[in-house]
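Undergrad: Residues per chain, in single letters:
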Amino acid sequence: SQQGEEDPQALSIQEGENATMNCSYKTSINNLQWYRQNSGRGLVHLILIRSNEREKHSGRLRVTLDTSKKSSSLLITAPRAADTASYFCATDAQGGSEKLVFGKGTKLTVNP
Amino acid sequence: DAGVIQSPRHEVTEMGQEVTLRCKPISGHDYLFWYRQTMMRGLELLIYFNNNVPIDDSGMPEDRFSAKMPNASFSTLKIQPSEPRDSAVYFCASSQRRGYTFGSGTRLTVV
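Protein chains in written order, with the numbering used here: chain D, 1 to 112; chain F, 1 to 111.
What the hints contain is simulated information worked out from the structure, not anything from laboratory work.
Where hints are given, some of them may not hold.
[Stated by the list, open to error] Below, a list of computed lysine-lysine pairs in the DSS-like style, where the Cα atoms sit at most 25 Å apart:
#1 Lys78/F x Lys68/F
#2 Lys99/D x Lys56/D
#3 Lys99/D x Lys78/F
#4 Lys107/D x Lys69/D
#5 Lys69/D x Lys24/F
#6 Lys26/D x Lys69/D
#7 Lys56/D x Lys107/D
#8 Lys68/F x Lys99/D
#9 Lys26/D x Lys56/D
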């Protein structure tokens, strides 16, 4: 399957120190999405980047996509303690399937 | 919009009992997904529907699991009989091709 894999599995940083999480996937995609999950809650959609895009911004989030390396990164600038959560990348299948396959996630802890 | 609504939030049941999880998607979303999340296996897609029709049920673990979507505003996931290894958080999500909206999940414990 074309499961995305996030790296690192866990990341602990101080407030204000930029947080970067990476995702690698196996097969061609139409788009890649990032989600956030607070403990005990459902996942929340953060950002979608299409296969013909290289970079996208949304507030303090910056996502890059390198289709030649089959990888993506999520950068959170000036993170706060409230950004503590697990972050997942998800990939679809080229060909138009709406089905998403999720990675195991990166558990981010932002210390005040 | 109240978002995707799942019920119950928590379910504790004895092995062998039937369990029914419920989901109300966001109005106008034409896709509905059932996922299961465990520490060991992460998020697994069980089944998804498009316009109330099941499209891919290849993730349904075995015949004990069944899912229905009788109309655009309601879906159920049923486990009969339940087993301890079914213990997990079950999420429903809906979409309109712009990213998923997840419900808060049902935490199922089978003892």
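Undergrad: Hint by hint, note whether the structure agrees.
TA: Now the hints, each set against the structure:
{"no.": "1", "hint": "Lys78/F x Lys68/F", "verdict": "holds, 9 Å"}
{"no.": "2", "hint": "Lys99/D x Lys56/D", "verdict": "holds, 22 Å"}
{"no.": "3", "hint": "Lys99/D x Lys78/F", "verdict": "holds, 21 Å"}
{"no.": "4", "hint": "Lys107/D x Lys69/D", "verdict": "holds, 23 Å"}
{"no.": "5", "hint": "Lys69/D x Lys24/F", "verdict": "violated, 39 Å"}
{"no.": "6", "hint": "Lys26/D x Lys69/D", "verdict": "holds, 9 Å"}
{"no.": "7", "hint": "Lys56/D x Lys107/D", "verdict": "holds, 22 Å"}
{"no.": "8", "hint": "Lys68/F x Lys99/D", "verdict": "holds, 18 Å"}
{"no.": "9", "hint": "Lys26/D x Lys56/D", "verdict": "holds, 21 Å"}
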